[in-house]
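**Student:** Sequence:
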Amino acid sequence: MANNPTQLGEQQTKLLSQSYGIAPPPVPTNQLAIPQQLDIENATNTYIDYGKADYWGFQFGSRLCFGNLSILTIPVLFTHLVVIYYYYTKKSFGIWEAIKIGTIESWFLYPLIVGGMALLLLVLSVYSWAQKNNQVPIRFNREKRQVYCILPSGRNIIANWEQIQATISRKQQVTMYYAIEGAALTLGFPDLKSQEQGELTMDYPMEQLAIGEWEAIRVYMEEGLDALNKKTKTAAALNKDSIKLEDLPKDSFEYYEQLSFQYPEGSVPYFYAVKNRVRKEGKPLNYLWWLIIHICSAWTLPCYIATWLNKHPKIVRPLPLLNWSKPIPPEQWVKPTEELKKQSQRAQSAYLKGLTIKDYAEQYKQQ
49 MANNPTQLGE QQTKLLSQSY GIAPPPVPTN QLAIPQQLDI ENATNTYIDY GKADYWGFQF
109 GSRLCFGNLS ILTIPVLFTH LVVIYYYYTK KSFGIWEAIK IGTIESWFLY PLIVGGMALL
169 LLVLSVYSWA QKNNQVPIRF NREKRQVYCI LPSGRNIIAN WEQIQATISR KQQVTMYYAI
229 EGAALTLGFP DLKSQEQGEL TMDYPMEQLA IGEWEAIRVY MEEGLDALNK KTKTAAALNK
289 DSIKLEDLPK DSFEYYEQLS FQYPEGSVPY FYAVKNRVRK EGKPLNYLWW LIIHICSAWT
349 LPCYIATWLN KHPKIVRPLP LLNWSKPIPP EQWVKPTEEL KKQSQRAQSA YLKGLTIKDY
409 AEQYKQQ
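Per our numbering: the sequence shown = residues 49 to 415.
If you are wondering where the hints come from, they were derived from the structure by calculation, not from laboratory data.
By construction, the Cβ of each residue, glycine as well, lies at the ideal position given by its N, Cα and C atoms.
Accuracy of the hints is not assured; some may be wrong.
What follows is a list of derived Cβ distance ranges for each label pair [as the list claims (entries may be wrong)]: (1) Glu244 with Glu387: 20 to 30 Å; (2) Arg203 with Thr151: 53 to 63 Å; (3) Leu160 with Gln183: 32 to 42 Å.
Straight-line distance between alpha carbons at most 25 Å, and here's what the computed BS3-like set of lysine-lysine pairs gives [to be verified]: (4) Lys281 with Lys406; (5) Lys413 with Lys389; (6) Lys406 with Lys389; (7) Lys383 with Lys401; (8) Lys406 with Lys279; (9) Lys406 with Lys390; (10) Lys390 with Lys401; (11) Lys192 with Lys278; (12) Lys362 with Lys279; (13) Lys359 with Lys374; (14) Lys219 with Lys406; (15) Lys192 with Lys279; (16) Lys362 with Lys374; (17) Lys219 with Lys413; (18) Lys279 with Lys401; (19) Lys413 with Lys390; (20) Lys278 with Lys413; (21) Lys374 with Lys192.
Let's have the full structure, built from the sequences with the hints guiding it.
**Tutor:** Okay, structure coming up:
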């Protein structure tokens, strides 16, 4: 993990970012377990995937494609109508004859312009879909206490769980108009058999969500799937003062705003929650513009496309990964090291005194 902290307690400061290591060793963080890219639905007691097949972004891509087609169709249709009008007024044809001749002379515009753009967008969409399918998620095996990572080159890396390098980064992107704050979780996977190392970075809206993802991974590896299901929280749990959905008046702006947080962006329920939220803003022109944009971009069809893709992922996992993922007899399960147990107990004791994961990381660095 070049130029990044490689263990608990290490820190690094750059111009627009600050990074600090929270593993190894993978001690408790005293934070909520908030899985976002962790595929709990398809997890087993043996393994869980991180970086799950998430196709919700295809909703935006599909909407953009349909919107572009609408933009191209409008001038083509306008040209078609002008030709019909010309034959109807200048050539004194009857209306039906003008429509017939005008259509014959301008029909080629539809397959040439609209059809050509549709074909181009289809090719780009299929390519993007294929690229997404080639991104095999990281797999954590709690029986072997190992992690399986496939590099972009296709090479496989198997890393020891207790040697995984986890780094939290707080970063800021500055433009001429505004500054965007965010966070990232970077995982490093040192290969057991060579000096090669894999790396994966996931972006998150805020630091607590990045830590929450790592804590969810740690809970699974150290305590199991049942414990993770019990401890799993949502992002809303970070705000202790947040108002519950059932406490809000129905059909209000606040209700639909809170409702939109309950669904993944790109889903059909999210679409209607946002639609009603915009409607309840009390700005008729904004609502009208929102309706026009989404009608021209196929309304909820992009949402249904993204939903279907999420239900039918086509990720092909290589045979070595599938064999590595098979359960092994309980007597062969790898146990946590005594060092990890000791550091985990120290971390828990530090949290009881009011310290944070950063505070304990400083103590660990000085040991």
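**Student:** Please list, smallest to largest, the hint numbers that this structure does not respect.
**Tutor:** 7, 12 and 20
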